[in-house]
Structure formats: C-alpha cells, structure tokens
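Asker: Sequence:
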Amino acid sequence: MIRIKKILLPLLAFAVFISCNKTDYNYPEGTVAGSKITFFPDLTYNGDNYVVVRAGETYTEPGVTAKENGAEIPVTIDGTVDTNTPGIYTLVYSAVNKDGFPATASRTVIVYETADDAIVNDFSGNYARTTNGSVATWTKLAPGVYKVFNPGGAIGTNLTVIVFNPTALTIFIPEQIASDGSVTSSTNESYTNSVPPQFSWKIVNPGYGTGQRTFTKQ
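If you read the sequence shown in the numbering used here, its first letter stands for residue 1431, the second for the next number, and so on.
Just so you know, these hints were derived from the structure itself, not from any lab. Computed from a predicted model, the values in this text were never measured in an experiment. Errors might be hidden in some of the hints.
Listed next, the in silico EDC-like pairs over lysine to aspartate or glutamate satisfying Cα-Cα at most 16 angstroms (straight line) [said to hold, decoys possible]:
1) LYS1577 x ASP1610
2) LYS1497 x ASP1529
3) LYS1528 x ASP1512
4) LYS1632 x GLU1619
Here are the in silico distance ranges between beta carbons for each label pair [claimed, not checked]:
5) GLY1639 x GLY1500: 46 to 56 angstroms
6) GLY1586 x VAL1522: 44 to 54 angstroms
7) GLN1642 x ASP1529: 21 to 31 angstroms
Even glycine gets a Cβ: it sits at the ideal position worked out from N, Cα and C.
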C-alpha cells in the first residue's frame, strides 16, 4: 500500500497542475493565437466585365468597387481605351489592403466598327470541330462582335476570346489578352455560309499548335 501511495501522489499533483493551466482565448483584436488577421481586398464590378463601344462613341468607365472587411478602399486603374481605333482593350483594377496585400480584376473593352453588309449577320451558335467534335460556342454581343468560348476546339479548355466580323463574311480574332491571361489572335480565317455553315482558322496562342482548325455549325 505504501508503494501505491507514492505513485499516485505525483500523478494527482500533475493532474491538478494541468486542470489549472487553462488556455486564454481572449486574443488581442485582429489576431488569433498569435497570428495577425488580414482581410484581402474584395473587388466587385460595376456593370459587366465586357463592355462594347462603337468606334467614335464615348466610353464611360463604370468602375470597380473594392472593400476590405466591408470598408471601401481605393482602386487604381491601369490601361486606356481609344474609341477611335477598333480593337480589344484590357483595363486592370488594383486595390491593396492595409497590410500591403493586393488584389486585381480586369475588364475587356471592345471598340468595334462593322460595315452594313456584316451588321445583318448572326453567327451565334455551337460549332463542332471536324477532327474531335469539341464545340466552340459563339455569342453575339453587338453587330459584328462575338464572344467565343473554346475557339480552338480543344477538349477541356476554358479559353474565351472576342471575335470580329467587320465586313461581309470576314472573321478574325484581334490580338487581345484572352480569358486565360495569354495573348491570343488568329490567322488564315474563313467563314462559309454553307449548309450548315463552317468556319476555319489558326489560333495564335502559346498553348496551341499551328494547325488549321475547321468547325461545322450544329
């Protein structure tokens, strides 16, 4: 019995010590367990992230709102738009929180000029690539202006570009910063108003080869 008491007493003392050493959860404001809390800027578009402007008209900047933990913070804009020159312009919006952490968002501004013989066209729809059946989807944004998802007919892609149809059946991808952040354009383009319609082009993009890609409307 003496030996048992000698063993139990230190254990009981240890148990009492642990029970009294409670964790203090009253952290200083803005910290958790010694780590500082930071709220990254949250950017929200005013209007759409695609804006279409006819050449010669005025572009009105809709802006972006940035907030840090619910409080509005300043936003800077990098990039310009020349409404006298048709093309694709990218504006980059940036905000930095009080701890120096940045966040960005971008807007695509499309300045277009479309002839009368192309204004009546509507190339909207789904087109299957002739080699693998992968679908490119055309959505009309304005006369002669289309947003095209999967323009290369690549399986598993998330690429979206803007396509111009400035005259008659002429189509092309003007050089632009595409949805994946790459600089993208096209060459060797054609659109045939057959039954069903077809289009063909080469995609100029770091992730694509140089092969001609042909699609048939579904």
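Asker: Looking back at the numbered hints, which does the structure fail to meet, lowest number first?
Answerer: 3, 6, 7
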